[in-house]
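If you're matching them up, the sequences are chains Y and U in order. In terms of my numbering, the first sequence has 29 at position 29, counting the first letter as 1, and numbering is strictly consecutive. In terms of my numbering, the second sequence has 1011 at position 11, counting the first letter as 1, and numbering is strictly consecutive.
Hints should not be assumed to be uniformly reliable.
Below 30 Å or equal to it, Euclidean Cα-Cα: the simulated DSSO-like pairs (lysine-lysine) are [as the list claims (entries may be wrong)]:
id	chain 1	residue 1	chain 2	residue 2
1	U	1014	Y	168
2	Y	29	U	1066
3	Y	66	U	1011
4	U	1011	Y	14
I should point out that these hints are in silico values taken from the structure, not numbers from a laboratory.
Listed below are the residues making up each chain.
There are 2 protein chains.
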Amino acid sequence: MMESGTLEFSKRGKRLIGQEMFKILERAKDMERRGQRVFHLELGNSSFPPPSEVTQATIDALMNGKVGYVPSSGHPELRMALAKYYGDQGCTGITENNFVISPANLLINQVLDLIANGGDSVVVFTPAFPTYLAAINHIGLVPNPIALEKGNGFHLTRQVVDQAISLKPKVIIVNSANNPTGAVYTQTSLEYLIHQCAQHGIWVLSDETYAELCYRWPFWSLSASEYERLIVVSSFSKAYSIPGYRTGYAIANPLVAAKLTLSCSTLFSCLPMFTQEGCVAALQVGEAYLHDVRTHYSRMTEKCADLINQSNVLSCAVPDAAFYLFIHIQDTHLNAQEFCERLLQERETALTPGNSFGPGLGSFVRASVSGPEEDVLEGIRRLVHFGLEARETPSWWSEHTTPFKRVGHAV
Amino acid sequence: MMESGTLEFSKRGKRLIGQEMFKILERAKDMERRGQRVFHLELGNSSFPPPSEVTQATIDALMNGKVGYVPSSGHPELRMALAKYYGDQGCTGITENNFVISPANLLINQVLDLIANGGDSVVVFTPAFPTYLAAINHIGLVPNPIALEKGNGFHLTRQVVDQAISLKPKVIIVNSANNPTGAVYTQTSLEYLIHQCAQHGIWVLSDETYAELCYRWPFWSLSASEYERLIVVSSFSKAYSIPGYRTGYAIANPLVAAKLTLSCSTLFSCLPMFTQEGCVAALQVGEAYLHDVRTHYSRMTEKCADLINQSNVLSCAVPDAAFYLFIHIQDTHLNAQEFCERLLQERETALTPGNSFGPGLGSFVRASVSGPEEDVLEGIRRLVHFGLEARETPSWWSEHTTPFKRVGHAV
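The task is simple: from the sequences and hints, build the whole structure.
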């Protein structure tokens, strides 16, 4: 088919930006095909083995020919298993009719498209998972990024909630445990958010994808709330180390769930039955596996944060959850885009620039430590060495913009 | 979470209609959970076993821990295998950069959303796959259904192409081999369509999902065309009996393919790696398997069409491709909705009413004969018996609207 530069796309088409980390993955894979070794810190692509029960249940389903369609709302067995799982955790009155199965990333798009019209405003607390901004942009909504403060660990405070409410947005997106900061919000702050939103009829999209991976602070889920304009989105990807299953779910009141089911039916018909049977097995394994995963990520994040903080050029907080480090690179005098570009080209190490997570974050980069331990540690070492060298060997950019700041810095 | 009737959805949200056959599936599954046996003719849910090589490749990938992310454009191996597959069939100059991996049903939505704005008109030749109308409706496009004629086997003619062009639509959707009619359009008619669209700068979305299942008429693919505003969508679902893999692809010029990749990245990140490795194996199996599938569906469609046509109350054409029968039920004096409703409730047999496939088709129903042979034959027998009884035992509706037409009808 012919190549062309004259094609005109739709308004939505022109506003597509995608996810930066998948562009980086594509470039890294190209380098690998050319024979280069790449250290992958760009994506939350867990190398921790999934529960063998999950793999086995998926294989059993495939062997039993379960390769047909299921209802658009999801495999009934999975929806019932989820209702039981949440019920056991104290969500009263929750049934399978509160659940819709769909990839969590897609659900972010589906939910926003279901409740907001072009021009409606959406509050996002930044740093934020890039898909929020990509989806808002694509749909034609107006993003209202509200910056959380590095000084208090990027936590949700009463002050930023008040700021969000004062903007009278259509939707507020909240993400605890947070990607990329690893912050886990307190029950008090989340309840205050819901209370204020209820007062003003504001929709809340709560992304709880990393709920099961809180190891330094207890997680509090909004799923127990009865607020009718609340939609919780979560995923099996991160907790059970199966990001490639592309299986997540929404929890919503039955009217919203029915609408989301129509969205699934219109968009993609349904998800595979065999991956969903694997997810049923995941819920049965539960804590026995999750304990090991949490221990692993707790150790990895601490170890990698130590390497970074000992460098005296890069710095990051030790996260309360998940497997990301949100690293301050200001002392390298490189901006995040240049830092990431050069780290990939010169040190074969892929990570994600901070500006993908919101405005004003060009002095941060995100490193995922979810990959194979030795590879991650090597990637972190390269990152640290590069940071040290960058400070000592200024780029053209830093030379012309901050010529005096480097003088006298000790390594 | 609380139930509510006071929630307001977006314009797009209000226009969601989903796919009728998935609603029927959901109801049929509910009946099965209550212990009833249901004969499934509502969906193209093949029970023909997939190639063992496909299942094995998928299992191998799972066993090898390939449960992580791949690039948003698709697994590079699959895109390269597709380029080779189409190249071998005579598509010159086609490379992996022409391919994007995504569920075919989602691609219909993605393509329309990428090229058309709310209010733009889209021509659909009816009867048409319900997702076209659901996607058009959801996005806020203006559907221009153009009725194909039962009298000439629902074929694409120069006359309907001229009619389509005269409407100056933004997009024309064409679907050969056709769901639900089983018609395979001629090379002449498709080339005429492309030529006319090129003259007027009209986009063409060619859905070739059933390409490999043409058994009574040779298939001609538009993928060989170099028209820059052409996007071909296809799927592994039907040819390789893996609808539950939810894996399809678009073929487009590299600029459009890059835009669709951004759409995939924004919407769902990527598809599973292990299902895509299964699809690589499918392309390697190719003809050896497809020959058997075609023979099976050719036999099933002929056998079932015979049962229907011998009834003297229902009638259908023997399709040239795929596994659907588009059945005329006019002599039963029931409309399609009532026919399908009662057949499911009274005879435990699920099929899809004709009005799901476009306006003015309320005297047709679609039966899929892709299920297990004995179940399908039992479903068809129930359908025929019900048709005969309906003609003899008029419903309230037929009694009050066509009281005299039944007199003197022989069974």
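These are the hints, each one checked on the structure:
1. About 23 Å separates the Cα atoms of residue 1014(U) and residue 168(Y), which keeps this hinted pair within 30 Å; it holds.
2. For the hint linking residue 29(Y) to residue 1066(U), the alpha-carbon distance of about 15 Å falls within 30 Å, and the restraint holds.
3. Proposed proximity of residue 66(Y) and residue 1011(U) is contradicted: the alpha carbons are some 36 Å apart, above 30 Å.
4. Between residue 1011(U) and residue 14(Y) the alpha-carbon distance is near 21 Å, which keeps this suggested pair within the 30 Å criterion.
The structure shown violates just one earlier hint, number 3.
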